[in-house]
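Chains A and B supply the protein sequences, listed in that same order. All residue numbers in the first sequence are consecutive under my numbering, ending with 337. All residue numbers in the second sequence are consecutive under my numbering, ending with 337.
Treat the hints as calculated values from the structure; they're not laboratory data. A couple of the hints might just be wrong.
Any copy will do: because identical chains look the same in the list, a pair fits if it lies in one copy or spans two.
Claimed, not checked - Only pairs whose alpha carbons sit at most 25 Å apart, straight line, appear in this in silico BS3-like list of lysine-lysine:
1) K70 with K7
2) K7 with K76
3) K14 with K70
4) K146 with K197
5) K70 with K302
Listed here are the chains, written in short residue letters.
Protein chains: 2
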Amino acid sequence: MTQILGKQSIQFEKAPHILCGASVVGKKEGEGPLGPLFDEIQEDPMAGQSSWEEAESALQKRAAQKALEKAGAAGKEVRYLFAGDLLGQLIATSFGVMDLQLPLFGLYGACSTIGEALTLGAMTIQGGYADAVLALTSSHFASAEKQFRFPLEYGGQRPLAATWTVTGSGAFVLAPKGGKARISGVTPGRVVDYGLKDSLNMGACMAPAACDTIYQHLVDFGRQPGDYDAIVTGDLGSVGQTILLDLMEKKGFDISRQHLDCGMLIFDGNTQDTHAGGSGCACSAVTLAAKLLPMLEKGQWKRILFVPTGALLSTVSYNEGQAVPGIAHGVVIEHCG
Amino acid sequence: MTQILGKQSIQFEKAPHILCGASVVGKKEGEGPLGPLFDEIQEDPMAGQSSWEEAESALQKRAAQKALEKAGAAGKEVRYLFAGDLLGQLIATSFGVMDLQLPLFGLYGACSTIGEALTLGAMTIQGGYADAVLALTSSHFASAEKQFRFPLEYGGQRPLAATWTVTGSGAFVLAPKGGKARISGVTPGRVVDYGLKDSLNMGACMAPAACDTIYQHLVDFGRQPGDYDAIVTGDLGSVGQTILLDLMEKKGFDISRQHLDCGMLIFDGNTQDTHAGGSGCACSAVTLAAKLLPMLEKGQWKRILFVPTGALLSTVSYNEGQAVPGIAHGVVIEHCG
Numbered sequence: 001m002t003q004i005l006g007k008q009s010i011q012f013e014k015a016p017h018i019l020c021g022a023s024v025v026g027k028k029e030g031e032g033p034l035g036p037l038f039d040e041i042q043e044d045p046m047a048g049q050s051s052w053e054e055a056e057s058a059l060q061k062r063a064a065q066k067a068l069e070k071a072g073a074a075g076k077e078v079r080y081l082f083a084g085d086l087l088g089q090l091i092a093t094s095f096g097v098m099d100l101q102l103p104l105f106g107l108y109g110a111c112s113t114i115g116e117a118l119t120l121g122a123m124t125i126q127g128g129y130a131d132a133v134l135a136l137t138s139s140h141f142a143s144a145e146k147q148f149r150f151p152l153e154y155g156g157q158r159p160l161a162a163t164w165t166v167t168g169s170g171a172f173v174l175a176p177k178g179g180k181a182r183i184s185g186v187t188p189g190r191v192v193d194y195g196l197k198d199s200l201n202m203g204a205c206m207a208p209a210a211c212d213t214i215y216q217h218l219v220d221f222g223r224q225p226g227d228y229d230a231i232v233t234g235d236l237g238s239v240g241q242t243i244l245l246d247l248m249e250k251k252g253f254d255i256s257r258q259h260l261d262c263g264m265l266i267f268d269g270n271t272q273d274t275h276a277g278g279s280g281c282a283c284s285a286v287t288l289a290a291k292l293l294p295m296l297e298k299g300q301w302k303r304i305l306f307v308p309t310g311a312l313l314s315t316v317s318y319n320e321g322q323a324v325p326g327i328a329h330g331v332v333i334e335h336c337g
Numbered sequence: 001m002t003q004i005l006g007k008q009s010i011q012f013e014k015a016p017h018i019l020c021g022a023s024v025v026g027k028k029e030g031e032g033p034l035g036p037l038f039d040e041i042q043e044d045p046m047a048g049q050s051s052w053e054e055a056e057s058a059l060q061k062r063a064a065q066k067a068l069e070k071a072g073a074a075g076k077e078v079r080y081l082f083a084g085d086l087l088g089q090l091i092a093t094s095f096g097v098m099d100l101q102l103p104l105f106g107l108y109g110a111c112s113t114i115g116e117a118l119t120l121g122a123m124t125i126q127g128g129y130a131d132a133v134l135a136l137t138s139s140h141f142a143s144a145e146k147q148f149r150f151p152l153e154y155g156g157q158r159p160l161a162a163t164w165t166v167t168g169s170g171a172f173v174l175a176p177k178g179g180k181a182r183i184s185g186v187t188p189g190r191v192v193d194y195g196l197k198d199s200l201n202m203g204a205c206m207a208p209a210a211c212d213t214i215y216q217h218l219v220d221f222g223r224q225p226g227d228y229d230a231i232v233t234g235d236l237g238s239v240g241q242t243i244l245l246d247l248m249e250k251k252g253f254d255i256s257r258q259h260l261d262c263g264m265l266i267f268d269g270n271t272q273d274t275h276a277g278g279s280g281c282a283c284s285a286v287t288l289a290a291k292l293l294p295m296l297e298k299g300q301w302k303r304i305l306f307v308p309t310g311a312l313l314s315t316v317s318y319n320e321g322q323a324v325p326g327i328a329h330g331v332v333i334e335h336c337g
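Input sequences plus hints: build the corresponding full structure.
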């Protein structure tokens, strides 16, 4: 039986299981709507380290440890690590995972990285290349602002379309069996560029990529939006959501009843001053670990399409007048007995 | 039959084939010892573009096109792209591959990225997830100097331990069969940190990682150096080579007869003023495409261990006083036919 489905999807013969997820977040995330659901809240923005980057590495290390603990015996079987972050040359990851002493596949998909990590992790498990793997991503508000925007000390004003980078790290252990949720298929995404250039409106930059992946997913699998309890994007925020629903409708699919966005779930925009929502590699990763995965594990949802979204820019490309293309990776996660 | 081998290796049941490799390089590389072997030499350092980064993207696009052309009918079957570069947030890749309209797995392993791409590509083919995939990396001397070191206009002096970033891009099409060389196994590498902090002596920073991967590879596969016609590292250069041979000997393996380094093959250090050798994601990729792969295809070599090496640093980590850890991914390539 071929596992190749349609134009760009894979349907797994033996769907790899997600044994567990772990989430470590910062103070602000802990004060948001999902606060009580996270495994650990790190009150110190520096996480006891001497730089923002080291703090992010510390969060990643903690999330990995937590996931390996939760996985029990399977945690000791973890053979490969699929990990990435937002920083140039993935330094949060390189310095975060060293102590794990695991072979590393360094990944960059901007804020979509956990989708890429889960996809490659599932392909590795089902391919028989490992008994267990770890998928891991992180982001940090302060290291991201320093990398992409203005020094925090400037106190720069942020437009309402801007999102707030989530401080945290999410980690998942995948194995051939033993979990209550499984990855039954994936639709890896393409780079999509609508020519938008506003790095403070990343929802608009990423919405076309989310549309491209969700549309192709539905076509490849021959499914309707109603076949999913939820279609959950990564960090489009409220501005990007409107655009996505509109673009999908033009493609002939109404996903308004199924659509959720991790960026809109993680913060309360009215009280937390986060504007359009949360973003960053950690946004979709910790929301999956703390909120979405438990709902699937308990059977409150039977099947979701998880679509982390990424905006592909650097300060160099931005300052050279390049647009901000997007990418989105689709992962089907189902409840299993 | 399990494909899991030893501590961190995979032996493929049905070794995926490398259908073809393509190499596009800059003028200086064209003047080096491998000059006549490259598919295309781009004389214009800007490759007709308006920035170094766009030039690098153009090289990547050209190498991809060239590989897809060479692959003939199989080129049209390419389903996924595994690609990366050295620049922050992989902008050379994001803007280089957009027109290919292929789902993208963005990878970062510093100069070891082609090893990561070939590894994941081979895992994808053998897993039955695609009929063909493309592995692609690039680097550019000027975009790398701008990203990591000094503006070219400074005319900064470089120490003799420094390497010269190769301008170019290498691309490979992998498929289940049809080539004259195949990937029979892989040993993905771990992050190894000896605490070295000199970003102008990356050979020394990467040598311990190369040793870690080569040693574990030989142990996992139960082989001796003599089982390989060549053990080819990515870009250790002359300084790193000495350290690697020394470290391997301490581990009980003499690889001095098999060892080659792409960084030492690609430039003539005596006449090209490149000091310790070449480096960058393109260094090992174009050397594999132009020199190593043809030797395997013709049967002049039966089996090599290809070990691209990467130095994990960013200007942020470097300026914050962090060390420069290394990583190296091992790929076994064999003649078949």
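Evaluated hints:
| no. | hint | result |
| --- | --- | --- |
| 1 | K70 with K7 | between (37 Å within a copy, 22 Å between copies) |
| 2 | K7 with K76 | between (37 Å within a copy, 12 Å between copies) |
| 3 | K14 with K70 | within (23 Å within a copy, 35 Å between copies) |
| 4 | K146 with K197 | both (19 Å within a copy, 23 Å between copies) |
| 5 | K70 with K302 | within (23 Å within a copy, 45 Å between copies) |
Consistency with the previously given hints is maintained throughout, with no hint failing.
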